[in-house]
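Visitor: So the protein sequences, as listed, match chains Z and F.
Going from the first sequence to the numbering used here is simple: count from 1 and add 1.
Going from the second sequence to the numbering used here is simple: count from 1 and add 5.
By construction, these hints were calculated from the structure, which means they are not laboratory data.
Remember, it's a predicted structure, so these values are computed and weren't measured experimentally.
Backbone N, C-alpha and C define an ideal beta-carbon position, used for all residues, glycine too.
Do not take every clue at face value.
Reference excerpt, derived from the structure (chain F facing chain Z, CB under 10 Å, subset only) [claimed, not checked]:
(1) 63
(2) 111
(3) 112
(4) 114
(5) 116
(6) 172
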Amino acid sequence: MRLAALWGWVWRSAAAVPPLGWLIGAFCAAVLELLIGYELAIMLYLPKVPPLFGATLLFQNPLLFPATLLFDLLVYILPVCAVAFGTQRLTDRAAAFLEHRPTWLAALMHLVLMYAILHVWTEASAYRLQVSKLVMIAVMLTLSLNVINGYMGEFSCSHPGFMALGAYAASVFTLVLFTQDRLFGPALLPAALGPFCYPLALFIGGMTAALGALVVAIPSFRTRGDYLAIISLAFMFIVKSAIENIEPVGGPRGMGGQPNWSTLPVVFTAMALCIWIINNFVRSTLGKALNAVRDNETAADAMTINTRRTKMVAFMFGAFWAGVAGGLYAHEVRHVTPGGFGIQMLAEQLAMVYFGGLNSVVGSVVGAVSISMVSEVLKPLGLYKWLVIPLILILVMIFRPTGLIAFRDFDIKRILAPRKAALKRRE
Amino acid sequence: MSLLRVTDMTHFFGGLRAVYRYNLTLAPGEIRGLIGPNGAGKTTIFNLITGIHTPSRGTVALEGRNIVGLRPHEIATRGLGRTFQNMLLWRHMTVLEHVRMAHYAQLQYGLFGAFFGSPRRYAEEERVEANSLRLLRIFDVERYARQIVTSLPYGAQRRVEMARAMATRPKVLFLDEPTAGMTPEELTQMIGIIRKIHQEFQVAILLIEHRLKFVMELCQRIQTLVFGEVIAEGTPEEIKNNPEVIEAYLGKEEVA
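Chain F on its own, in the form it takes in the complex (with noise of 0.2 Å):
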C-alpha cells in the first residue's frame, strides 16, 4: 500500500494555473526528488500537500485517509513533516526549546497541568526534553542546545530545522531544498545525514532540490517539474537523459 498519494492535484492562484494535474504514489521508506527550473511549483505542491493552501482539484491522501482540507497542524500530526525552503526557525527561541516545541502535539498533559503544574506535567517535560536531546545528539547540534538559534552557523541552523521537523514523529518527511546555501562539503555531509535519518527513522523523504548531483545520489525516483506539470518521472538515469529535461534546464538547441 502507499504512504501518501496525490491523484491530480491542480491548484489556481486566480488566473494563474500553478499546479496541473500532479500525481504522486510514495511507499513506505522510499525518497524521491521533484526537479524544477525555479517557479516550476514545486514549492506550492508541498504548501498544497501540507495544507497551507488547499488544492482546487484533486485528492491527497496519507495512509489511505484523505487529508485535503485539513488545516495544516492536523496533518502535520497525521505524520507528514516537512522543513522550509527558507528555513522557518523561531528567531527567539533556544534550540532545545525548538525540538521541545515540535513535540506539541504528543504532550500528554492539558491546560489545567500547564497552569498549576501537575506531576505529570513534570514527567511529560522530562521526556520530551530527553527525546529532544536525542534527536539534537543525532544531528549533531547537542552541543548547541542552550543557545538562541540565529547565533549558530547556516549549517547547524539546517540541522536543527531537520531535527525538529523529526521530532514530530513523521512518517513522510518534505525537505524543501536542504542543501540551499550550502558549500560543497556542507552538502555532503547533508547527504550524509538524509541517508542517516531514511535508515534511523524508516521515513519516506520527498526532497525538493536544484543541485542535480545530490539528487542523482540521493533518490530511488525523480520526478521534473516545468510550469507546474510534471513533464518526466524516471530513475536518475533516465531523468538525466531525457531530452525534455534537458530543454526545461539548458533550453533547446537552436541550429544555425
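So here's chain Z without its partners, still in its complex pose (with noise of 0.2 Å):
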C-alpha cells in the first residue's frame, strides 16, 4: 500500500516534467559522463567506464555490479532528476511556447536534441555506438513487423527474409557503384558520390523487400492463420536458401566489404522517419483498415474497405522498413551472410514485437530496446541466452497476454503538451 503511494507520488511527479525537461537531462548526464564519467569509474575500481549502465556487467564480473549501480546513480540518475525538476518551470514555459508553433517545429527541435544526447553518449566507446545503431535498426524491424503481425494481425515470419532482401539489394547497390570489390570489379562512379547516393540505395533496398512481399501477400488473400504462418516461413528459407545458391553475391560465404555508410546521423534519421511515417499511418482511417481487417474480414469487406488492397499495402509496407532496416544493418556489420537471416533472427525479432506490444508503436520501441537489451546481457551465458529469452516471452504471454504496452501509438501533440495545463485539465 505504502509503495503504491510512493510509486504512484513518483509517476505523477515525473509527469509533470514535460519531455523537454528530460531530454536537457538526459543530454546534461551525458556531457557530464563523457567529462567525468572515466576518473569516476577509476575512484570506484571499475576498469572503464560501464558500457551500457554497467547492466553487461550483470554476468561478467558480478562483484562490480554494486560500484556500477553507484556510478548510474551518481552520473545519471541524479543528474538527470536534478536537471529535468529543476528546469521544470522553463521547460513548462518553452512547451507551452512551442504548443502555438507549427507541431513538426517542437518535434524536430526534441529530435535534436535525443540526437545530440545519442551522439554524445556514443562518444564513449565503439561497443556503446554499434549497440545504439543495432538496437535502432531493431526498433525499425520491430516496428514494421508489427504492421504486419500485430495491426493487421497476420501471424508472419518472412520478416528476415525482407530484410535480406533488403541488405542484399542495397549492399549490390553500392558495392557495384561505388567499391573496388572483388565480386563486381572496380567502382563505376567516384566514392565520395557514395555517401548521397545512399540513401537511395536503401531506398531500392526497401523496395526490393516490397516486391518480395507480394509473395506473401498474394496467397494472404484466400488464406489466414496457421497456413499463411507457414507460407510466410517458407518464403524466409526460400530467399536464403536462393540467396545461398547465388555464386554472384557471394553464395553461403555472404557479402562483404560495405562501406561505414551507416553512420549514427544516417541511422537516426532512418529511425525517425520509420517510425514517424508508420506512426502516422496507423493512426489515419486508412490505416486503421488494417485493424478492422484483422477483426473480421467480412465486415471490412461490407463496409466498403479494399481488403485486398489493404492487405497488399500492410505486407509492401512492412517489408518496405525491413528492407531499410536491411540496408542499414549491412552497411553497420558490413559482412551479411544468407545463414544469419534465418530462425534466429525471426525469433528475436517475434520475441520483440510480442513481447513489446501488439498494435503498438510505443510497444514496438520499447520491445526492440528491452529484448536487445537483454540480448546484450545476457551475451556471455552463450547459448542459454536462448532459454531466458523465451522464459520472458511466456511469462509475458502469461500476466499480459498481449504485451507490455499493447495498443498505443504516439500522439505527438499530446506528448508535447505543456505539463501544467495537462494537469490542469485532468483535475
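Hints are included, so try docking the two chains, each in its own frame, into the full complex.
Guide: Printed below as a string of C-alpha cells:
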C-alpha cells in the first residue's frame, strides 16, 4: 500500500516534467559522463566507464555490479532528475510557447536534442555506438513487423527474408557503384558520391523487399492464420536458400566490404522517419483499415474496405521498412551471410514484437530496446541466452497476453503539450 | 425504375440447392420483408446479392447495372449497405472508429497523405469525424463514442452496427435480423429507429426477420422463403392468411 502510494507519487512528479526537461537532463548527464566518467569509474574501482549502464557486467563480473549501480546513480539518475525538476518551470513555459507553433518545429527540436544526447553518449566507446545503432535498426524491424503481425494480425514469419532482400539489394547497389570489390570489380562512380546516393541504396533495398512481399501478400488473400504463417516461413527459407545459391553475391559465404555508411545520424534519421511515417499511417482511417481486416474481414468488405489492397499495402509497407533496416544493417556490420537471416533472427524479432506489445508503436520501441538490452546482458551466457529470453516471453504472455504496452501509438501533440495545462485539464 | 432487381437467382452449395429462382424488385424508398423458417436461405440471399458468394445463375442489377461478380467492397461502394445476423463488429475498435472506418471508400486522400500527414488528410479526417458523430447522434449512441464496442450493451451494439452501415451511404440497406436477441422494449425502439432511417436517408430496406409482429408493422410487402424458394409474396395481410405460409411455419393440420 505504502509502496503503491510512493510509486504513484514518483509517477505523478515525473509526469509533471515535459519531455523537453527530461531530454535536457539526459543531455547534461551524457556531457557529465563524457567529462568525469572515466575518473569516476577509476575511483569506484571500475576498469572503464560501464558501456550499457553496467548491465553487461551483471554476468561478466558480478562483483563490480554494486559499483556500477553507484556510478549510474551519480552520473545518470541524480543529474537527470536534478536538471529535469530544476528546469521544470522553464521547460514547461517552453512547451507552452511551442504549443502555438507548428508541431513539426517542436518535434524537430526534440529530435535534434535526442540525437545530441545519443551523439555525446556514444562517444564513450565503439561498442556503445554499435549497440545503439543495432538497437535503432531493431526498432525499425520491430515496428514494421508489428504493422503486419499486430495491426493486421497475420502471423507473418518472413521478416528476416525481407530484411535479407533489402540488405543484399542495397549492398549490391553500393558495391557495384562505389567500391572496388572482388565480386563486382572496379567502382563505376567516384566513391565521393557514395554517401549522397546511400538513401537511394536504402530505398532500393526497401523496394526490393516490398516486391518480395507480394509473394506473401497474394496468398494472404485466400488464406489466413496458421497457413499463412507456414507460407511466410517458407518464403523466408526460400530467400535464404536462393541467396546461398547465387554465386555472384557470394553464395553461402556471404557478402562483405560494404562501406561504413550507416553512421549514427543516418541510422537515427532513418529510424525517426520510420517511426513518424508508420505512426502517421496507423493513426489514419486508411491505416485503421488494417485493424478492421484483422478483427473481421467480412465486415470490412461490407463496409467498402478494399481488403486485398489493404493487405497488400500492409505487407509491402512492412517489408519496405524491413528492407531499409536490412540495408542499414548490412552497412553497419559490413558483412552479411544468408545464414544470418534465419530462424534465430526471426525468433528475436518476434520476441521483440510480442514482448513490447501488439498493435502498438510505443510497444514496438519498448520491445525492441528491452529485448536488445536483455540480449546484450545475457551475451556472456552464450547459448543459455536462448533459455532466458523465451522464458521472459512466456511470463509476459501469461501476465499480459497482448504484450507490455499494447494498443498505443504516439500522439505527438499530447506528448509535447505543456504539463501544467495538462494537469489542470485532468482535474 | 427499380433500384435493385434480382432475376432468377439460383445458387448451389455443392449438391445442395440453397436458393432457387429468386426474384426481387425493390423500388426506391420501399421496405420489404423476407421471412422464412430457419435454414430457408434468407441469409444466403443476402450473401449472394452483396457478393460474398457469387450466384450460380441469375442476374443482380443495382440501378440498372449488373453487380454479379463484383467483389463485396465494390458492391458496398455502389450503395448496398448491410448489417449481419451475428453483428460482425471489430472488437478492438471504439464506436467512433467503427463509423469512421465505414467512410473508407469516400476518403479523398491516398497512401501518400496517410504516410506523411498531408493537410488534406487532416481536413478529410475532420469531415469524416463530424459526419460520424452526426450518425452516432441519430442512432443515439453518441455517449459511447470513445468506448470499445464490445463493452456496450447489446441493443447499443446493434445500433452501432446500423450507424456503421449508414456511413457507407447506402441506397439499399439489408438488415439481417436486426432484433435478434432483443427484449420487447428494445424491439419497439428498433421499429422507431428503422422508420427514422427510412425517412431521414430515403433508403430502400430489405429485412430478414423472425418476429412477425415486427415485419408486419414495418413492411409494405413481404416474401416468404421455404427451402430456397419463394412460396408467397404480398402485403402483410395476404401473407398472414396464406395457407402455405401457415403450413411452413406451423405444419399441416392433420385429420385424425
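Visitor: Next, verify each hint and record whether it holds.
Guide: Here's how the hints hold up against the structure:
Given the 10 Å rule on beta carbons, the hint for residue 63 (chain F) is violated: about 21 Å separates it from the nearest Cβ of chain Z. With a cut of 10 Å, the hint placing residue 111 (chain F) at the interface with chain Z holds, because the nearest CB-to-CB distance is about 8 Å. With its C-beta approaching chain Z no nearer than about 6 Å, residue 112 (chain F) sits inside the 10 Å limit, and its interface hint holds. Interface hint status for residue 114 (chain F): upheld, as the beta-carbon distance to the closest one in chain Z is roughly 7 Å, under 10 Å.
The beta carbon of residue 116 (chain F) comes within 7 Å of a beta carbon in chain Z, closer than 10 Å, and the hint placing it at the interface holds. At about 8 Å, the closest approach between the beta carbon of residue 172 (chain F) and any beta carbon in chain Z falls short of 10 Å, and the interface hint on this residue holds.
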